[in-house]
Amino acid sequence: MDTQTVKYLANLGFLSFDENELEKLAEEMNGIIESVSFVKDYNAEYDPLNDNLGAHLDDLREDKAEPDYPTDKLMRNAVHSENCFVVPKVME
Amino acid sequence: MDITSMKIKDMRNALDKREITAGELADEYLKRIPVSGCFETVTEENAGIAAKNAQEAINSGKSSEICGIPLAISDNICTEDVRTSCGSKMLYNFIPPYSAEAADRLNKNGAVILGKTKIDEFSMGNNTLGAATAVKENLCAGAICSDTGGEIGTSASACGIAGLKPTYGRVSRHGLAAIASSMDTIGAIAKDVSGCASILGIIEGYDTKDVHTRAYKDNRETAKDIKTLKIAVMQDSTGPVAKSDSTEVEEASAFFSSNGAEVSACGIPSLKYAYPSFYIISSAEASTNLARYDGIKFGYRSEKGDSYAELVVNSRTEGFGDEVKKRILFGTFTLMSDNIKDYFYKAMAIRQKIRGELLSVFDKYDAFIFPARDSSYNAAASLAGLPVITVGGISIAGRQMEESTIIKAAEFFEKGRKV
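So the sequences go chain by chain: A and B.
Each residue of the first sequence is one higher than the last, beginning at 1 in the numbering used here.
Each residue of the second sequence is one higher than the last, beginning at 1 in the numbering used here.
Treat the hints with caution; some may be incorrect.
[Claimed, not checked] Computed Cβ-Cβ distance ranges for the label pairs, DEER-style: (1) L49/A to E56/B: 38 to 44 Å; (2) I49/B to E34/A: 51 to 57 Å; (3) E23/A to K415/B: 34 to 40 Å; (4) R83/B to H56/A: 29 to 35 Å; (5) E23/A to G321/B: 53 to 59 Å; (6) V211/B to Y69/A: 19 to 25 Å; (7) L12/A to E28/B: 20 to 26 Å; (8) T5/A to E414/B: 47 to 53 Å.
In short, the hints are calculated from the structure, not lab data.
Every residue gets a Cβ at the ideal spot worked out from N, C-alpha and C, and that includes glycine.
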């Protein structure tokens, strides 16, 4: 993996790195990939229909509105809030 | 005898016999907890109120087996109005508006919560060592903490105490900071097996907020007796296993065998693929689960960023530590369209294969044992969602939802090996 690929992955993950960090990460990523890449040779195919059998969708609660968490408790964790979550201007 | 060194069951007896009150017991622990160390947050005031309520319940004669017992909760399990940082700058100021279902059940059953124990950032290293050390050092009688790839067993073994990772779906994950959602569980750590079982008895069960939970009670009284138990001793470990751990497995095998259990060597063909597959799946799931941290609604927000996108990138770059960023990058890599077939889907295929191989083991055996710090078997058990109990350096895994079998075997081993 080269630094350009790391930069691309960082972009997808909403992260940013300087050039030195990118080089170090490329080296580390190559190490990780090398240590796990032998799984590619395993002779089996994933069967999505045979997965998540443990989810019990028949037991869902009744589809009825229930009281939600208090707004003030939810808002107190936002750094900038004025009865709404404040973000930089998105549109001119 | 120092009461803080007692086991949960003995402590509960002391409370019932009025040899000590819940308030006095909580104070004994609180004065021992240092300013820094295993605890991220100490909830002294809440503990005082909980102890008072617990004492009233004990006095009334209607109380649970953990009522009045001072416990801790690891810092990636949400606790209403008590900071839950996940060991990260990203959540340094996060005060949850609700409690995790498991924490809520402890509170409702009279446990006295002393505080939150430290974890590595977003459980990217060992998420239970703070809790295990706190139990070992008599800073709490037990704790609940998360387990994704065998951390409870590894920490319990390192600290010489007991740990129980339940079947995936036995305990609700509601309110647990999600990392690898298909393997995350909440389990228990205590001085002995019985303590872990007491905590599990409170936190387990169906929860409408987690579709994987099931209403299922198994009975330790009717669980298989040691003399009729068939135990597999797993071989061919591929992970780094300490010599002492292998010796403990050998000693445990001899112990079970001499007590009438049918013990024989076993293995699974795909073992060497277990840890790499675990790493791929857990990184992929972590990369998507961690996408929710953007600094807008909660958590750390950067001072820099003229646009929405810049603000999110800066918040995440400044808020996450190196290991977390690395896992996000690798997880994203495994999910890219060019790679998903070779890495993520292949790991998922291996997971299905390993699950099948372990099911075959249970066709012949009731449980299998392996060195507690063996990363390969810990990964295999997590991939298959099996319950694992750890005591005396060994881990015993059982069939899904059959915790009673492994708890009974572990209790027998725990008592017998001390004779």
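Hints breached by this structure: Structure breaks hints 1, 3, 5 and 7.
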